[in-house]
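Using the sequences plus the hints, can you model the full thing?
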Amino acid sequence: MLVALLLTAHLLVGVALLGAVTHQAVGLLRPSAVQSRRFIARYAKADHTAFTIAIAVLFALSVLLGGLLYPTYRIQVRIPFEGMHLSWAIGLFELKEHFGGLGIGLLPAYVWAWRPGNVTGRVGLTLVLAFIAWWNFLVGHVLNNLRGLT
Amino acid sequence: MRGTAFSAAFCCAYVWALATNHPLFLYYPLHGDFRWGMQPLLTSAQASGPAMAWYGIVATASLLAVCATLCVPRRLSGRLTPYLWLFPVGAMLGCAFLLRRFF
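The listed protein sequences correspond, in order, to chains Y and R. The working numbering puts the first sequence at residues 3 to 152. The working numbering puts the second sequence at residues 91 to 193.
Any given hint could be a false lead.
A few chain Y residues that face chain R, going by a derived Cβ cut-off under 8 Å, partial list only [to be verified]:
#1 Gly69
#2 Arg76
#3 Ile92
#4 Leu97
#5 Ile106
#6 Ala111
#7 Val113
#8 Thr122
#9 Gly126
#10 Trp136
FYI, nobody ran anything at the bench for these hints, they're computed from the structure. Since we're looking at a predicted model, the values are computed, not measured. Ideal Cβ positions, reconstructed from N, Cα and C, are used throughout, including at glycine.
Right, here's the structure in full:
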């Protein structure tokens, strides 16, 4: 029961993180589109500086919840994956965990880059965090479909 | 400014810890045991269950990154900023290379 609750919380935090980081990344890449009335322009129009702390907190929370679930995965999912010779699935999860770890280490620079007056490096760091968020969400979804935690 | 040095050092230290197998500690989820990275459980893998290195790798990278942050001059941290995104990208590619046996 606790695992199911943690997994649901992990999913919800992941969804919120995806929304925030995608919004911010799109806003960064399309700053000149604010005058248009098209959907993507209005989507990019939001004040993307407002997302920074929320993204950092959601990312840290997502990795923390994943870290709490990780021992259960190691016992209940990875061992059966090894038995089923699904080494690609194990590899995908290994990448997910390491990307998540690297993302945690990236947060201080990310928050610093979004402070007023600091523009250098903002785009690259935001896009890397967005990539990690998307990768981890999609891999988690695929692996949970293969064999979910109980 | 210190945050940029921390993040750059964290990425380098993380890949180093993964490549050279230097987690600060190991966690054995079957029995909930912790062991220092250099002192894995001596019982058979069957009895102790699988070891998890990820927490220890994050701890190693954090520790080394804090040390590096205190040593790196602020001026150098400032110069790193435009290229900072290269560190996580390089680290992610390094992780993918180290995990190529799975694919």
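Here is what the structure says about each hint:
1. Contact between Gly69(Y) and chain R, as hinted, is supported at the beta carbon level, the nearest pair being about 7 Å apart and thus within 8 Å.
2. Hint status for Arg76(Y) relative to chain R: holds, with the closest Cβ pair at about 5 Å, below 8 Å.
3. Of the supplied interface hints, the one on Ile92(Y) holds, with its beta-carbon coming within about 6 Å of a beta-carbon of chain R, less than 8 Å.
4. The criterion of a C-beta within 8 Å of any C-beta in chain R is met by Leu97(Y), whose closest approach is roughly 6 Å, and the hint holds.
5. Because the smallest distance between the Cβ of Ile106(Y) and any Cβ of chain R comes to about 7 Å, under 8 Å, the interface hint for this residue holds.
6. Given hint, Ala111(Y) at the interface with chain R, holds; its Cβ is 4 Å from that chain's nearest Cβ, closer than 8 Å.
7. The interface hint given for Val113(Y) is met, as the beta carbon of that residue sits about 7 Å from the closest beta carbon of chain R, less than 8 Å.
8. At about 5 Å, the closest approach between the beta carbon of Thr122(Y) and any beta carbon in chain R falls short of 8 Å, and the interface hint on this residue holds.
9. Checking Gly126(Y) against chain R by beta carbon gives a least distance of about 3 Å; that is within 8 Å, so the hint holds.
10. Look at Trp136(Y): its Cβ only gets to about 13 Å from chain R, farther than 8 Å, so that hint breaks.
The structure fails to meet hint 10 from the earlier list, while all remaining hints are met.
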